Every structure is written in structure tokens, then in C-alpha cells.
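K.L.:
In order, the protein sequence lines correspond to chains U and S. Going by my numbering, the first sequence opens with residue 1, and the numbers climb by one from there. Going by my numbering, the second sequence opens with residue 1, and the numbers climb by one from there.
Incorrect hints may appear among the rest.
With a cut-off of at most 30 Å between alpha-carbon atoms, the simulated DSS-like pairs for lysine-lysine come out as follows [said to hold, decoys possible]: (1) S:Lys3 x U:Lys31; (2) S:Lys42 x U:Lys120; (3) U:Lys192 x U:Lys320; (4) U:Lys15 x U:Lys272; (5) U:Lys192 x U:Lys106; (6) U:Lys304 x U:Lys55; (7) U:Lys111 x S:Lys42; (8) U:Lys111 x S:Lys221; (9) U:Lys304 x U:Lys191; (10) U:Lys272 x U:Lys55; (11) S:Lys204 x U:Lys223; (12) U:Lys120 x U:Lys55; (13) U:Lys106 x S:Lys204; (14) U:Lys191 x U:Lys316; (15) U:Lys228 x U:Lys111; (16) U:Lys283 x U:Lys15; (17) S:Lys204 x S:Lys221; (18) U:Lys31 x U:Lys111; (19) U:Lys223 x U:Lys182; (20) U:Lys111 x U:Lys223; (21) S:Lys42 x U:Lys55; (22) U:Lys15 x U:Lys281; (23) S:Lys377 x U:Lys106; (24) U:Lys228 x S:Lys230; (25) U:Lys111 x S:Lys3; (26) U:Lys228 x S:Lys3; (27) S:Lys204 x U:Lys120; (28) U:Lys223 x U:Lys31; (29) U:Lys283 x U:Lys228.
Since the hints were derived computationally from the structure, they do not count as laboratory data. Values in this document were obtained by computation on a predicted structure and should not be read as measured data.
Letter by letter, the chains look like this.
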Amino acid sequence: MGKKFIDVGQELPPKIRARHAIHEVRPVTIKENFASGNRSCIGCAEVLAVRLTCKALGDNVIIAMATGCMEIVSSQLPYTSWEVPWIHTLFENTAAVASGIEAGLKAMMRKGRIPVQETKVVAMAGDGGTADIGLQALSGALERGHNFLYICFDNEAYMNTGIQRSSATPYGASTTTSPAGKVSIGQITWKKDMPAIVAAHNIPYIATACPSYPFDLMDKVSKAAAVKGPAYVHILSVCPVGWRSPSELSVRIGRLAVETGIFPLYEIENGKYKMSLDLPKLKPVYDYMRLQGRFRHLSEDTIKQIQQRVAEEYQKLVAKAEG
Amino acid sequence: MAKRVGIEVSVAIGEVVTMTNTDVIAAYPITPQTHIVEHPAKLAADGELDAEYIPVESEHSAMSACLGAAAAGARTFTATAGQGLELMHEVLYIASSMQLPVVMAVANRALSAPLSVWGDHSDAMAVRDTGWIQIFTENGQEVVDNILCAFRIAEDRGVLLPVMVNLDGFHLSHVIEPILLPEQSEVDAFLPPNDYPLPLDPAKPVTMGDFGPPFIYTEVKWAQEVNLRKSMETILKCWGEFDRIFKRCYHPVECYRSEDAEVLLLTMGSFSETAMTAIDRMRGEGKNIGLIRLRLWRPFPFDEIRNAVKDAEVLIVLDRALSFGGPGGPVSSEIRSALYNEDRRPKIVSFVGGLGGRDITVSGFQEMINRGIEISKTGSKHEFEIFGVRE
Numbered sequence: 001m002g003k004k005f006i007d008v009g010q011e012l013p014p015k016i017r018a019r020h021a022i023h024e025v026r027p028v029t030i031k032e033n034f035a036s037g038n039r040s041c042i043g044c045a046e047v048l049a050v051r052l053t054c055k056a057l058g059d060n061v062i063i064a065m066a067t068g069c070m071e072i073v074s075s076q077l078p079y080t081s082w083e084v085p086w087i088h089t090l091f092e093n094t095a096a097v098a099s100g101i102e103a104g105l106k107a108m109m110r111k112g113r114i115p116v117q118e119t120k121v122v123a124m125a126g127d128g129g130t131a132d133i134g135l136q137a138l139s140g141a142l143e144r145g146h147n148f149l150y151i152c153f154d155n156e157a158y159m160n161t162g163i164q165r166s167s168a169t170p171y172g173a174s175t176t177t178s179p180a181g182k183v184s185i186g187q188i189t190w191k192k193d194m195p196a197i198v199a200a201h202n203i204p205y206i207a208t209a210c211p212s213y214p215f216d217l218m219d220k221v222s223k224a225a226a227v228k229g230p231a232y233v234h235i236l237s238v239c240p241v242g243w244r245s246p247s248e249l250s251v252r253i254g255r256l257a258v259e260t261g262i263f264p265l266y267e268i269e270n271g272k273y274k275m276s277l278d279l280p281k282l283k284p285v286y287d288y289m290r291l292q293g294r295f296r297h298l299s300e301d302t303i304k305q306i307q308q309r310v311a312e313e314y315q316k317l318v319a320k321a322e323g
Numbered sequence: 001m002a003k004r005v006g007i008e009v010s011v012a013i014g015e016v017v018t019m020t021n022t023d024v025i026a027a028y029p030i031t032p033q034t035h036i037v038e039h040p041a042k043l044a045a046d047g048e049l050d051a052e053y054i055p056v057e058s059e060h061s062a063m064s065a066c067l068g069a070a071a072a073g074a075r076t077f078t079a080t081a082g083q084g085l086e087l088m089h090e091v092l093y094i095a096s097s098m099q100l101p102v103v104m105a106v107a108n109r110a111l112s113a114p115l116s117v118w119g120d121h122s123d124a125m126a127v128r129d130t131g132w133i134q135i136f137t138e139n140g141q142e143v144v145d146n147i148l149c150a151f152r153i154a155e156d157r158g159v160l161l162p163v164m165v166n167l168d169g170f171h172l173s174h175v176i177e178p179i180l181l182p183e184q185s186e187v188d189a190f191l192p193p194n195d196y197p198l199p200l201d202p203a204k205p206v207t208m209g210d211f212g213p214p215f216i217y218t219e220v221k222w223a224q225e226v227n228l229r230k231s232m233e234t235i236l237k238c239w240g241e242f243d244r245i246f247k248r249c250y251h252p253v254e255c256y257r258s259e260d261a262e263v264l265l266l267t268m269g270s271f272s273e274t275a276m277t278a279i280d281r282m283r284g285e286g287k288n289i290g291l292i293r294l295r296l297w298r299p300f301p302f303d304e305i306r307n308a309v310k311d312a313e314v315l316i317v318l319d320r321a322l323s324f325g326g327p328g329g330p331v332s333s334e335i336r337s338a339l340y341n342e343d344r345r346p347k348i349v350s351f352v353g354g355l356g357g358r359d360i361t362v363s364g365f366q367e368m369i370n371r372g373i374e375i376s377k378t379g380s381k382h383e384f385e386i387f388g389v390r391e
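Please model the complete structure; the sequences and the hints are all you need to start from.
P.N.:
As C-alpha cells, this is what we get:
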């Protein structure tokens, strides 16, 4: 007789239960398709996101990965961290490589050259490889409607080359190419809204996720992988080196990004927005920013400005979900 | 028995690609390559070509999609020209370095600026060092035959390298020629199915495209160099087998009336046929002149070239591309370096001509040869001369 677990929340009203569903713990496969022993930094949340993603994807996948942190930490000759077929070619072309793999499999299955099966082609890239240099290839592949999943692991700058700003770097962050100085607050542009750009392609499924919410992340990746056609998941990945944050706080900082409304978790399924988390009251952005050296130089006024913008953007998103 | 048909060369490429049962075609339109990719699109739309046709958003993505398809084990074809080939530049290195057997037709086109859609070899010469097997053709039949050979060479287990078949933009791509198209049965007998040794397959996971630290990069590159040189054996074997089935024979270096020639002209691509007529005329005037046509550009046929020119007094080399500020065109440069240490070697005179679609006529070639002979005696104040340029 197995031990019987008590559902401690059964007396709670359904609305409250729903609010906390995202935290519910469930059994997950112990199989690791992204092996341990890779070269990632201490406290890297991106490598955690890749690990969880691989658990959700299972064995029947082919991964095409862009140049970047995750490629470098996982593939130094003669080693590999990948237990599934994996290919890296260049920085900006991952979505195009994925389209070629998908088309190749499709043609060969149709002609009976390989067994017919539901192999998922997955493209993975960082924020630079997605929002900057790889945007054209991504847009092309989405527009053509390939049956593939694209995952952006967003650590908000070019961390692999030494913390240079990308179009996904948040307003006010100090990086090596948007340094804070006597006359500059650091990054002077607002973070590019990648999910909105992807949504403009009218693809069936888009989601945002964060490894600080592991079950939510795995659910979304599974759901995205099951879609017939293009799907996109944007994963915020805390980078202690680039964000100048304590490595033991990566999971907490990811939580705060969500709880402050800076990185809201949501899905867009066939054009319909759905918030993944019910947050009646957002935490102040300062709670998130104070833990990171990249925002250390910001004045109260700038933080206030950021607070206002975050609240507005969050409200717009909630309105879309309620609309 | 193959039938002779009057057909545009670009369309004929589509016909032969269809007979190879290609799995994936990824292409982006650029003049003068367009007809090469339009025809397979129509054939696929009519159900006559069972391939996935990916209308990509750039040449960079065209070649990138080809990488993915080839890595998955699919037979893969694309075509481009000029600026398109330049946009593919970094991707070309990946195809060769990762041993992905993509086949590509290049309708050779000049490079901007000023914009020119017309033909020369600037595009091909700029990708000389990308590690592809590179073949130049001089008429429609050669294009069709070598596209077919390209698949067999590229996919050979002992090679696994991408192959580029160069045809002059407009001069070849847009002309209608009488071409012997092969029968399907002949193609099937000549070209075995693509059997890529380690494709991306969830049943047997492989990691492709790792990064190479200094301790291993040099060895990887040396292996690539050895492999490209060694591909010569397979290329020769393939052309030999092609001759057996189709009764048309190809060689890395072709000679025309060169055996006893004191003066040789060396050309590449479609200009060679005009040059042959010029040679005939000059022979008629009693002049001892011959022609060397370089068909295989990579791997470079050192022995064949050395052998073909060793008895001549003068070798006039025509390039259809400039190497700005350098010793002459890339072909002339390479021929010089291949011959420099030889005991018996001709004097070399370099010309650049036929840039951006400018024609060189039969009498033009005669003039060039006469000027070349003159330079060989008196020298020139230039490292090379541009034929017919207005100063």
C-alpha cells in the first residue's frame, strides 16, 4: 500500500486553487536528454530552462541550435551534452535550418525513404539570435508555416561574447555596449516585444515561460510541441554573470520578473491571449531590480518611469486576455 | 535512347533535377538564376516533381535550409547568382566543412556596384576558397550532364562534399539549345539513392556542428583539405562512368588543337566556344595556336594543367573577374603559381575581360591573342590588361 497523500488544498475555493495551480508539483521524467556536466556558469538559469525543455520534448525530436551560450557550453569537440539529434551551423539561420530539416523529413517520409513518425523539429536560439540577427530567418520560417517549434532563451544581452546589449535588453540596464555613464542611464531603448512580433505572423501557439516556474514551462513546451504548424516559446533566463546578480538567487529573480509584471507569463492560442498566472497585485519593480548590479546606477526617477511603463504594459496584456 | 530537344538551359536543369528525385529545393529568386528555380516550382505544383519546395526569404536562408535538409539525409538542390552567392558566403563554408552534399547551380553574374545583372565570374571567384567542388561549363549539354554528375559526386560516401556547377548568366542560363536529356532509366542506373551515413535521426542521435578549440581545429581543417583533394578520384571515376552510359566524356582540363601549339589561350565557361572558333581561324592563317579550357576549378587539377601547357612558349590567360590591386585575375594567379616551380613552363600573359556581360567576339579573341603574343615579347607596363577597356 502506497502512502496516501492528503490534498491540503481541497477545502480552498476554486478561484484560489486556480491561482496557485502553476505551483502544483507533478511527477516528471528522470531522463535527461541534456546531460549534466556541461560548461555553463554557476547559477545559469538558461541551462536549467534547456534541461526542463528537453524533459518536456522527449526523445522524438531534432534540435537545431544557434550559436550562443547554450551551443558553446554543450558541444565542445569531442564532447556533447545532447542525447537527442542536434545540429549547430551559424548564428542567424537557425529557423531556416529547422525549415530545411522539417522539409527534408516530410519529403523523405512521403516517399517512404524513412519511417513515418511524429518527429518534432525544434529551433533554439538566444535573444540576440532571435530578436536581432536571426529575426529575418525566423519571420520567414513562421510565415511559411513549417511544422516546427522555435524557442528563444532570453537572457537579455549577448552574454556569450561578454554582456553586449541586444534589442531584448531592458531599459536602463548597463551592459558593455550600453554602459551606464555620467550622461547615460545605460540601455536607452525598451525591450523588443518578441512574442508580439511572432503573434503578427498569426501562428497557432505562442507562450512565455520562465524556469522559475518549471511545471508551467514544461507544460507550455509540451503543448507547443504538439501543435501542427509553427509554435513559439519565449523563455526568460536569468544570467547571474550578465545581470550581476548572486548566482544562488537566479530562481528567485525569475519569480520576481514574473511577480512584478516585468515578464508576464501568458499564452496566445490561435490568437486568443490567456494569462498563466493571476496576479491581483504586482510587486514593485524595485524588488526585482535591486538584486541586480545592471540596474544599480538607476535613479529613483528612472525606476519610477520603469514602474509606470511596466504597469501600463501589463494592463494592456490583461486587457487583451480579458477582451 | 535519350532524345535531343530544343530547350532553355535553365529549364533543362529543372528537368534533370526532377529526374534525380530531389527531396528538397530551397531557393530565393535572383536574375539570371530565376528560370532555374521557377521550373521545378511549376513541376512540383503539377505533381510531376515530388519534392518539398521552400520559397525562402533570402539566399542566406536558402543555403541554411539546404544544410538542414541535407543533414536530415534528403537530396538537396538550390541555385543562385551574383549577390545571392555572396549573401550565402558564410553558409557555403558550413556545407563543405560539415560534409553536407548540397548541389547548387550558379548562373554566374557580376557583383555590384554598379548593379549589373549580367554575367562574369566575380561571384564564383569570391567563393573560391569555401571548400566546394566547383565545375565550370561551356554549353547547355555540359550544364545538364554536370548537374547530374554533381549529385553522384556530392553524395559519394568517399566524398560527401557540396558541388557547385557554374554556368554563365544569360549566355548559358537563358539560351535555348539542342540538348540531349537523359532517360529516367539512365538516370536511375547512373545515380544511386542518397544514403547519407549519419543523418539527424531520433533513433540514432548524433551531434553535428560542435565548436572546435585550438587543439583540434587544425586537424579538422586538414582532414577537410585532404578530403577535397581526394575527391578528384571520384570526380574522374564519375565522369568515366558517365561516358560509359551517355557517351559524353568530361575532363578537368580540356585541350583544343593544343598539341603542337606555341601559343595557348586559357578560358573558362561559355567563352571557350567562341575562343575555339577564333583558334580555328588563326590556325587557318597558319598560326600555331591552341586552347585550354579549365573545367574543374576545385579541386584544382595541378597535374593536368602542368601537362597541358608544358610545351607551349606563351600561355594567355583570360579571367572574367578582377582581383583588385593584385597580380591579375584569380585564374591567372593560380595558373602562375601552379607553374612557377616547373622546369619547363610557358611565359604567362594575363587578361581580364568579359566583365558585367560584355561580350568578346571571335575577332576579339583573335585580337587578344595577337596582343598577348606582343606582350610576351615586349612586355606590358601593367601586371595585366583589361581587354577592350576604354580609358
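K.L.:
Does each hint hold? Answer for all of them.
P.N.:
Here is what the structure says about each hint:
{"no.": "1", "hint": "S:Lys3 x U:Lys31", "result": "violated, 59 Å"}
{"no.": "2", "hint": "S:Lys42 x U:Lys120", "result": "holds, 29 Å"}
{"no.": "3", "hint": "U:Lys192 x U:Lys320", "result": "holds, 18 Å"}
{"no.": "4", "hint": "U:Lys15 x U:Lys272", "result": "holds, 21 Å"}
{"no.": "5", "hint": "U:Lys192 x U:Lys106", "result": "violated, 34 Å"}
{"no.": "6", "hint": "U:Lys304 x U:Lys55", "result": "violated, 40 Å"}
{"no.": "7", "hint": "U:Lys111 x S:Lys42", "result": "holds, 19 Å"}
{"no.": "8", "hint": "U:Lys111 x S:Lys221", "result": "violated, 36 Å"}
{"no.": "9", "hint": "U:Lys304 x U:Lys191", "result": "holds, 17 Å"}
{"no.": "10", "hint": "U:Lys272 x U:Lys55", "result": "holds, 27 Å"}
{"no.": "11", "hint": "S:Lys204 x U:Lys223", "result": "holds, 25 Å"}
{"no.": "12", "hint": "U:Lys120 x U:Lys55", "result": "holds, 14 Å"}
{"no.": "13", "hint": "U:Lys106 x S:Lys204", "result": "holds, 18 Å"}
{"no.": "14", "hint": "U:Lys191 x U:Lys316", "result": "holds, 16 Å"}
{"no.": "15", "hint": "U:Lys228 x U:Lys111", "result": "holds, 20 Å"}
{"no.": "16", "hint": "U:Lys283 x U:Lys15", "result": "holds, 20 Å"}
{"no.": "17", "hint": "S:Lys204 x S:Lys221", "result": "holds, 26 Å"}
{"no.": "18", "hint": "U:Lys31 x U:Lys111", "result": "violated, 33 Å"}
{"no.": "19", "hint": "U:Lys223 x U:Lys182", "result": "violated, 47 Å"}
{"no.": "20", "hint": "U:Lys111 x U:Lys223", "result": "holds, 29 Å"}
{"no.": "21", "hint": "S:Lys42 x U:Lys55", "result": "violated, 42 Å"}
{"no.": "22", "hint": "U:Lys15 x U:Lys281", "result": "holds, 16 Å"}
{"no.": "23", "hint": "S:Lys377 x U:Lys106", "result": "violated, 64 Å"}
{"no.": "24", "hint": "U:Lys228 x S:Lys230", "result": "violated, 44 Å"}
{"no.": "25", "hint": "U:Lys111 x S:Lys3", "result": "holds, 28 Å"}
{"no.": "26", "hint": "U:Lys228 x S:Lys3", "result": "violated, 45 Å"}
{"no.": "27", "hint": "S:Lys204 x U:Lys120", "result": "holds, 15 Å"}
{"no.": "28", "hint": "U:Lys223 x U:Lys31", "result": "holds, 19 Å"}
{"no.": "29", "hint": "U:Lys283 x U:Lys228", "result": "violated, 37 Å"}
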